Structure formats: structure tokens, C-alpha cells
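**Q** Residue-level listing of the chains:
There are 6 protein chains.
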Amino acid sequence: MRGLIIGRFQPFHKGHAEMVQSARKYEIILVIGSAHQSYTFENPFTAGERYEMILGAMGEMGIERFHIIPVADINRYCIYAKHVAEVVPSFDVVLSNNPVIREIFEKEGYKVEDVPFYRREEYQGRIIRERIAKGEKWEHLVPKSVAEYIKKIDGERRIKNLFPKRAADF
Amino acid sequence: MRGLIIGRFQPFHKGHAEMVQSARKYEIILVIGSAHQSYTFENPFTAGERYEMILGAMGEMGIERFHIIPVADINRYCIYAKHVAEVVPSFDVVLSNNPVIREIFEKEGYKVEDVPFYRREEYQGRIIRERIAKGEKWEHLVPKSVAEYIKKIDGERRIKNLFPKRAADF
Amino acid sequence: MRGLIIGRFQPFHKGHAEMVQSARKYEIILVIGSAHQSYTFENPFTAGERYEMILGAMGEMGIERFHIIPVADINRYCIYAKHVAEVVPSFDVVLSNNPVIREIFEKEGYKVEDVPFYRREEYQGRIIRERIAKGEKWEHLVPKSVAEYIKKIDGERRIKNLFPKRAADF
Amino acid sequence: MRGLIIGRFQPFHKGHAEMVQSARKYEIILVIGSAHQSYTFENPFTAGERYEMILGAMGEMGIERFHIIPVADINRYCIYAKHVAEVVPSFDVVLSNNPVIREIFEKEGYKVEDVPFYRREEYQGRIIRERIAKGEKWEHLVPKSVAEYIKKIDGERRIKNLFPKRAADF
Amino acid sequence: MRGLIIGRFQPFHKGHAEMVQSARKYEIILVIGSAHQSYTFENPFTAGERYEMILGAMGEMGIERFHIIPVADINRYCIYAKHVAEVVPSFDVVLSNNPVIREIFEKEGYKVEDVPFYRREEYQGRIIRERIAKGEKWEHLVPKSVAEYIKKIDGERRIKNLFPKRAADF
Amino acid sequence: MRGLIIGRFQPFHKGHAEMVQSARKYEIILVIGSAHQSYTFENPFTAGERYEMILGAMGEMGIERFHIIPVADINRYCIYAKHVAEVVPSFDVVLSNNPVIREIFEKEGYKVEDVPFYRREEYQGRIIRERIAKGEKWEHLVPKSVAEYIKKIDGERRIKNLFPKRAADF
Numbered sequence: 061m062r063g064l065i066i067g068r069f070q071p072f073h074k075g076h077a078e079m080v081q082s083a084r085k086y087e088i089i090l091v092i093g094s095a096h097q098s099y100t101f102e103n104p105f106t107a108g109e110r111y112e113m114i115l116g117a118m119g120e121m122g123i124e125r126f127h128i129i130p131v132a133d134i135n136r137y138c139i140y141a142k143h144v145a146e147v148v149p150s151f152d153v154v155l156s157n158n159p160v161i162r163e164i165f166e167k168e169g170y171k172v173e174d175v176p177f178y179r180r181e182e183y184q185g186r187i188i189r190e191r192i193a194k195g196e197k198w199e200h201l202v203p204k205s206v207a208e209y210i211k212k213i214d215g216e217r218r219i220k221n222l223f224p225k226r227a228a229d230f
Numbered sequence: 061m062r063g064l065i066i067g068r069f070q071p072f073h074k075g076h077a078e079m080v081q082s083a084r085k086y087e088i089i090l091v092i093g094s095a096h097q098s099y100t101f102e103n104p105f106t107a108g109e110r111y112e113m114i115l116g117a118m119g120e121m122g123i124e125r126f127h128i129i130p131v132a133d134i135n136r137y138c139i140y141a142k143h144v145a146e147v148v149p150s151f152d153v154v155l156s157n158n159p160v161i162r163e164i165f166e167k168e169g170y171k172v173e174d175v176p177f178y179r180r181e182e183y184q185g186r187i188i189r190e191r192i193a194k195g196e197k198w199e200h201l202v203p204k205s206v207a208e209y210i211k212k213i214d215g216e217r218r219i220k221n222l223f224p225k226r227a228a229d230f
Numbered sequence: 061m062r063g064l065i066i067g068r069f070q071p072f073h074k075g076h077a078e079m080v081q082s083a084r085k086y087e088i089i090l091v092i093g094s095a096h097q098s099y100t101f102e103n104p105f106t107a108g109e110r111y112e113m114i115l116g117a118m119g120e121m122g123i124e125r126f127h128i129i130p131v132a133d134i135n136r137y138c139i140y141a142k143h144v145a146e147v148v149p150s151f152d153v154v155l156s157n158n159p160v161i162r163e164i165f166e167k168e169g170y171k172v173e174d175v176p177f178y179r180r181e182e183y184q185g186r187i188i189r190e191r192i193a194k195g196e197k198w199e200h201l202v203p204k205s206v207a208e209y210i211k212k213i214d215g216e217r218r219i220k221n222l223f224p225k226r227a228a229d230f
Numbered sequence: 061m062r063g064l065i066i067g068r069f070q071p072f073h074k075g076h077a078e079m080v081q082s083a084r085k086y087e088i089i090l091v092i093g094s095a096h097q098s099y100t101f102e103n104p105f106t107a108g109e110r111y112e113m114i115l116g117a118m119g120e121m122g123i124e125r126f127h128i129i130p131v132a133d134i135n136r137y138c139i140y141a142k143h144v145a146e147v148v149p150s151f152d153v154v155l156s157n158n159p160v161i162r163e164i165f166e167k168e169g170y171k172v173e174d175v176p177f178y179r180r181e182e183y184q185g186r187i188i189r190e191r192i193a194k195g196e197k198w199e200h201l202v203p204k205s206v207a208e209y210i211k212k213i214d215g216e217r218r219i220k221n222l223f224p225k226r227a228a229d230f
Numbered sequence: 061m062r063g064l065i066i067g068r069f070q071p072f073h074k075g076h077a078e079m080v081q082s083a084r085k086y087e088i089i090l091v092i093g094s095a096h097q098s099y100t101f102e103n104p105f106t107a108g109e110r111y112e113m114i115l116g117a118m119g120e121m122g123i124e125r126f127h128i129i130p131v132a133d134i135n136r137y138c139i140y141a142k143h144v145a146e147v148v149p150s151f152d153v154v155l156s157n158n159p160v161i162r163e164i165f166e167k168e169g170y171k172v173e174d175v176p177f178y179r180r181e182e183y184q185g186r187i188i189r190e191r192i193a194k195g196e197k198w199e200h201l202v203p204k205s206v207a208e209y210i211k212k213i214d215g216e217r218r219i220k221n222l223f224p225k226r227a228a229d230f
Numbered sequence: 061m062r063g064l065i066i067g068r069f070q071p072f073h074k075g076h077a078e079m080v081q082s083a084r085k086y087e088i089i090l091v092i093g094s095a096h097q098s099y100t101f102e103n104p105f106t107a108g109e110r111y112e113m114i115l116g117a118m119g120e121m122g123i124e125r126f127h128i129i130p131v132a133d134i135n136r137y138c139i140y141a142k143h144v145a146e147v148v149p150s151f152d153v154v155l156s157n158n159p160v161i162r163e164i165f166e167k168e169g170y171k172v173e174d175v176p177f178y179r180r181e182e183y184q185g186r187i188i189r190e191r192i193a194k195g196e197k198w199e200h201l202v203p204k205s206v207a208e209y210i211k212k213i214d215g216e217r218r219i220k221n222l223f224p225k226r227a228a229d230f
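Protein chains in written order, with the working numbering: chain A, 61 to 230; chain B, 61 to 230; chain C, 61 to 230; chain D, 61 to 230; chain E, 61 to 230; chain F, 61 to 230.
Bear in mind the hints are in silico, worked out from the structure with no lab data behind them.
Hints may contain errors.
Given that identical chains are not distinguished, each listed pair holds provided it fits within a single copy or across any two copies.
Lysine-lysine pairs mimicking DSSO-like chemistry, simulated, CA-CA at most 30 Å apart [to be verified]:
no., residue 1, residue 2
1, K211, K167
2, K85, K197
3, K142, K167
4, K197, K142
5, K85, K204
6, K171, K142
7, K194, K85
8, K85, K74
9, K142, K211
10, K197, K171
Bear in mind the structure is a predicted one, so any value in this text is a computation, not a measurement.
Just chain A, with the same shape it has in the complex (with noise of 0.2 Å):
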């Protein structure tokens, strides 16, 4: 049985990690949404990047089978699921929380599943990279191979560069 999963992964972080553990009955497919996206405070990792922080936190999670698959926005949430669902192996189950992404898939036929929420306070993509911004402590949010990853490229520089000016904003 496999089970879809859709972020943006940026970065992945320890909610992420949670949501797979808790998924591992199933085949799991990561979806790199937004995959076109980087370079931007909201989407600062490359989708290659973000594939690479994927593996890491995999192994370190000792899980070995497993899809990883950018897919780049369409901006037609209407055609969204079909949008993915063409690119990727077929699935039995979409796993997710968010209300509009049940929709679209429910509509399409789909069956989604809710996933547990993981002190969703902390474990939130934008809060991380809000910390990053103000070098504030960051690391004990994500797995310790993709804290590692981020530093290796200069990915702390590279967010605080994106803070305080829009990338666009030139």
C-alpha cells in the first residue's frame, strides 16, 4: 500500500519526520511541491536541496523504501490532483491534514487520511526559517542530517539574505 504526502519541505523538518514515522505501515511518496521554487524567504531550498535533506532524514530514520518527486506548482487547484497523480506511481491513500487538499483529492476519488499534528507550534517550516533570520537556535527543530546539509551549503546565509528584502523586491 503506498500513501502520498505532499509538502514543500522547506526545510524538512521533525514534524515532517513524525508524520512518516507514523506513516510507515505504508510505501511512502513524497511529493517536493512548489518544486520550480527557490531562491525566496517562503521557498529558500532548491527542490534538489530539498531532495538531498529528504535522504538524509530517511537514513537517519532507517527507512529504505520510499519515493521522492518534485512536482512544480500549477496553480489550478482544481486539476492539482490529477496534476500530481499524473507524475507519480499510483497510490492508495493521500495522507494529510489540510482541509483543501482533502477536498481536491476527495473530489478526484481519492481516499485521504488525517495525520497526527506534532507540536505544531514549533515544527513549522516558516518558524524555522524565521529563526534562521534572526540567528536565533534552529537546529534541534529538523533532523540532525538535514541541519547538517543546511549548513554544508551555507543555507543559514542564504536565509538571511532572503529575509529582509524580497527576493523579487530588485
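Chain A is fixed; fit chains B, C, D, E and F onto it per the hints.
**A** Chains B, C, D, E and F alone, transformed into the frame defined by chain A:
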């Protein structure tokens, strides 16, 4: 003589209906703008659903000869007038109070006429969507058939789902 | 009951008219495909011009209740059916002999019905465009109002200009 | 060391399998090109279907560590290398015999290595699709699991439907 | 030696002029960013109009050898540097204070140089557009020829029309 | 008075040069069409490379005041004239022998003038590219500086690589 009206019709409300009534001397072309936008709080309904709303409302008003044409956004206002004109039958006048619509159509040589406003503080798509999202009374602000259609497709629940979270926020 | 017919209508010809006649039990939705293509030999007329042709032909046939909806290409056949369905009112059946149209709509759960062919060797857009380009007789292959409209907008000259050279060839 | 292979895999055939075998010293990244193309004779299968074919073939070959990433066309070859590199994990070498692939990746500083050809006159997507379309024997040209998968999804019928008529021809 | 300057030039103001002056040792390439944006408050002028403003200002400054190239947005910052480089003549250095511009061009191997700031609190496109919208004095903030050109094309009225209402809000 | 010339300039050849010479009474705007196409046999050179070719040729001819503007394709000929006009400075006349260019610009109210043909059987981009691909003499068909530039960027090799195989064929 044909008159062109551009709107997003999210949903089609009594302000739109009054505008159509005041323009009965024209064979009206209703352009459904932002046709590919749907399942966001700003644009909850698909172009097809908006088409159905307008069909119902025109039936209520006893108007028989009219045209409904969904037009996708182009996000280049300088050529938007030509983008619309390419896909609709020929028209004699644009009916609009929007100064930008006036400017971009007049620039291309089209005639633009003002239309009267009707209780603009109430008859606004955004206000109606917020009322629906908050569970307030909203049915009196749209034609009867539109209220029925929105209920039939479970549109109130969709708008409530879209309200607190942005659809892009997954 | 509504029936959906997809065509490029370059131009709307007697084959299309016969198809519409044979489907009079349905409230017909005519989708103008490749809506943004025009001024090429394959697609000489704009969607707006094709809209006018269809209006005229429907008038000739005395059909009063129908829908004409221009739809831009998406060039992703896997989601083409959803792309169309998003912008048209709900429909009960697709009317088509094209095996690909059948496959991509049936895949999404739509019912597809065959339609009769009428002198398919003559009633073809390409043949009519080539006749116009070569200065041969073509008017008998389209409804009378369509022939008049093409002449009114000087469409014969346009097709002749587009014939020997491709528009993209500058 | 990671090696990148770009193909359309319509379908994944024994030529592809041999190329993968010859590159077993690398952790292979298989880029599914033209990811959004499907339901045409040139590109009959969706990216998701091609993903399944590759999964099966890799299983047959006993290869466990690899990456499959669908990448949409960008139709701007000058930036195609960067378009691919943005969404895949980092790689050390591109494996290709195509002189254009070589040129556009070398231009961006990537290393490109030749790969051996295997019965190129037979192991070609186009030849296999034509054999399927004509009802000729084709199963011996693809890995066993690929032949089974194509039959399971009724892919032979789809290719036959796409053969005589172009999908765009409605 | 050629130096590349990227701006939106909405409008071209004295801060831009000072930047150009300080870079006179280079043959300057002025990239008009967001070339397809116009008729919004953020981007009121077309690329063609901004081209004329720059021509005028360069004439005022007595600069004869320079290049002006409109470049559309791509909304993928990771490949934006290549997107620009593909359509401009070769250049030796990028002149910019924007940390994101610096990052995305340095990543591709280009040299980036800081430029001095001039009264940044005043010489800003947004401030000038707001002054125009509010009927305040603004002419002293742009080169004389730019002020004349904006008046000639009735640009003050356009900006006032765009100010209270967003162009997308119809 | 400004005159607009649209070409793909793959490469800029003596036919283009003669056209420019014959239009010296105008301040010429050279629009590089299909600006994003490159690394195909039909369009081997990037817009930036074609820009350099034109700079060189204008220098050879001693023409000092001109404009070169790359314009991406829009693939909607009905609005192509407006698409071009939006991003270039104002112009008084279009110089072209192409009947489609004439039609789509005249439709928008622009004046179009014929230009003389020079040895059209020889001075054609396609013929020059084929000569290069086949290793035949071609240098006499383009301005001296263009031949030198193509050699400098190793353009002959690129065209040979693109000739037998289509770039899309991987």
C-alpha cells in the same frame, strides 16, 4: 449592440444582477475573468460553476439572449484587452466602472461606459465570501438560484475550508 | 441532458452542422478547441470569429439553447478532460468519434457516445482551407451564414496569405 | 558517485536496461524527460506509468539504490541543464551519447560520459511503439516486467488508438 | 568591459542615474526586469515606455554606448541568472547591491560588484509612485527627460488610477 | 522616424544587412524573434549570441543609432503585434515582406512597408545552416564579423551536432 461585462463572479451577486438589468438594451457578453482560478478563498468556484450561477440568474431575470465566456488570466494588463477580444464575439461597448479596465480598453480603441453602482458596501464578492466563511446570513445578497446552487454543490463548506488557511499553504 | 462536442471549427462546416443536428436531443455545449491559435494555416480564425460562425450556423438550424465555450490548449492530454470540465457547465455525455478523446474522457469517468460521419472525405477543415487557398469552390461545404461571415471578414485572403508560407517562418 | 541518465522511456526498453547495467558503478539518477507529455503516439505513457516501468525493471536487474525523477520540458535548451539540475540531487557525471545533451551540459561545467549502444536499430522507443501499433511482436524488446505492466494498463490499445490519428487532430 | 545592471525602472529615477554615472567605465547593459508587467501600481509602465525613459536619461547624461534589454520574469530564481544571460550580449560584471542578485549570479560564476547608494530614502520607485498618486511633488526625483516623458504619456493619471484599486480587482 | 524589422537572425546574413541598408532613413529597431529558442537546428544561436552578431554587422556598416530587442515567442499570432509593441520603443512603420506580419500589424493599425529582396535563393538562414552542417562554404553569405563570431563561439560544430538529430530526440 453588444455590451461586454467582465467580472470574476465569486459568486454572481445582486450587484452583478443590477448591472445586467441596467444594460438590458445590449446583448450582453459576460466574461468570467480568472477562469482557471478556483479552490482559493479569493476564487472559490470554478469557471464552470460560475457559468451555472449566471445561467440560473439570467433565467430568473428572464434574459434569453446573452453570452458567457470564461477567460483565463494573462497577467499582462497591457495586452489584456486584446486577450479578451480575441476569444469573444465582436462587441460595441465595455460596461465597467473600473478605471483600469477603462484605461486598458480605451487604449485599444474600445468604447467604455460607466454602470451604476448598487449598494456597493454590501454587494461585493469578498463580503459575501466572508459572511459564508463566518456562518453569517448571506443568501439575501445573491439571486435566489445562485444561493440554491451554492448550497447544492456544498459551496459553503468549501469556502469555510478555504477561509482560515490559504490553499497554497500546504 | 447536456452533450459536449469538441472541435476546432476551422471553419465550422456542414460536417459539424450534421453532428449538431444528430444530437438535437441534447442541450449542446460546443467547445472551441485551440482557442488561442489563429493566423496560422491550420488555425486561421480566432476563437471569437469561430464563435460568430457557430452563432450564425445555429441560427440557420433554428437551434436556440446551446453553449459555446472557447478553451485554450493545455498540451497535456492526460489532464485535458479535467481542463475542459473545469470551465464548462456540467454535462452528461461527450459526443465524439475520436478514439483519443474517448480514451481521455472515459478515463475520467465521463460517458462518450459515437456520432455519425457525414461525407468525411469532403467535410473536413483542412480540405476546405486548401480549397480556399487554391481559389477553388468551397462555399457549398459550409453553412450559408458561415460562408458569408468568412467573406465579410476577408477570410479568404487571410487563408491565401497563410498557405504558402507558415506564419512562424519570419 | 552519481550518474545522471535522461530519457523519455516511451517505453523503458532493453537498450535503457543495458545502459543502466553498464553504469552500475554509479548511483543512477533516471530523469524521465517530457514528463507532462502523454497520450500522444510519440509519448503514450504518463510520467507516473513510466516511473512504474522503471521500478519494475530495476527490480528485475536487482538494482536497489537509484533515483527516478520526472522533469517537464522547458523548450529552452540553453537553460535545460540548469532546469534539470535544479530538481535532482547533486550528480558527478551525465551519461549520454546525444551530442546536444553533451553540449548543453558541458557548457554548464558538467562532465559527460559516453555510454555503449546496444542493438540501436531494434532498441528504440519509436520502433517498439510502431510494432505495438501494427500488432507485431514487441515484448522481447523490453524487460519482462515492462511488457507485463504495459499489458496490465491496456497500453497496447492506447498506442493503437494513437497511431493512425494524432491526438491533436480533433 | 561590460557591466550589467538589472532594474525595474518604474520609473527610471535619479538613483538609477547615479548608479549609471558611477559605472561609466563600463559599457553598460541595462536589463529592464519584469518586462511584461505594466498597468499595476507596482509596475505602471510598459517595458517599451521604460525603454524610452532610459533613452532620454542616457541622452541627458551624454552616454552614447549602452544596451537596453527588456527581460520577462521567470519566477524561478535558481535559473534567473541563466535566463538573463541567454538574451544579453556577454558581460564581465554584474553591478548590484541586492544580496539575492549577488547570490544567484555568483552561484553561476559571474562577478558581482557593489554600487554606491544615493539618497536611498528618496530615490525609490515606490516612493515616487506614491508621490505621484497623492499629487505630491515628484519631478525632482527623476531626470528631467523622464519627468517630461511621463507627463507626455499621461502617466500621472495612470498611476492615480492604479493607486486605490489594484488592477486585478475587477 | 523609427522602422521595426522582425527576424530570427539564425544567423544574421547579407539579406538582413541589405534590408537594413535600404532602410537607413529610419532609426531601426531590430526585433530578435524566437528569443528563447536556441540549440536546435532551426534556432541554433541564443538571443545573446544573435545580439552580438547584429552589433558586429552594424559596426561593419557604420550604423550607429539602432535598437536590438530580443522578444520571446507568444504563439498567439492574433496578439503578437501587441506583444512586440509592448516591449519596444514607439515606432512609425514595420518593414516586412511577410504577408502574415503585414496582416497582424495592419490589423492593429500599424503601417507596414515592403522591403526589397536580395538574392533570396541564397540569403536564407536555413540554407546557410545547411551549408554549415554539410561542411560547405557559407562565410560569403554573412557579414565578415558574423562569420568570425560564429567561428569564435565554435558555432559550426554546434550546428553540425544539431543537424542529423533533433535536440528534442533524447
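**Q** Against this structure, judge whether each hint is valid.
**A** Taking the hints in turn, this is what the structure says about them:
1. In this homomeric assembly, K211 and K167 come within 30 Å of each other (Cα to Cα) only across copies, at 16 Å, whereas the closest approach inside a single copy is 41 Å.
2. With identical chains, the CA atoms of K85 and K197 are never at most 30 Å apart, being 33 Å at best within one copy and 40 Å at best between copies.
3. With identical chains, the CA atoms of K142 and K167 are at most 30 Å apart both within one copy (11 Å) and between copies (12 Å).
4. Taking identical chains as interchangeable, the C-alpha atoms of K197 and K142 are never at most 30 Å apart, the minima being 39 Å within one chain and 33 Å between chains.
5. In this assembly of identical chains, K85 and K204 lie within 30 Å of each other by CA distance both inside one copy and across copies; the values are 24 Å within and 29 Å between.
6. Taking CA atoms no more than 30 Å apart as the test, K171 paired with K142 passes in both settings, with 14 Å inside one copy and 19 Å between copies.
7. Taking the shortest alpha-carbon separations for K194 and K85, neither the intra-copy value of 38 Å nor the inter-copy value of 38 Å comes in at or below 30 Å.
8. Taking the shortest alpha-carbon separations for K85 and K74, only the intra-copy value of 19 Å comes in at or below 30 Å, while the best inter-copy value is 34 Å.
9. With identical chains, the CA atoms of K142 and K211 are at most 30 Å apart between copies only, with a shortest distance of 23 Å across copies and 36 Å within one.
10. Proximity of K197 and K171 under a CA criterion of 30 Å is satisfied in neither setting, with 38 Å inside one chain copy and 33 Å between copies.
Checked against the numbered hints above, the structure breaks hints 2, 4, 7, 10 and satisfies the rest.
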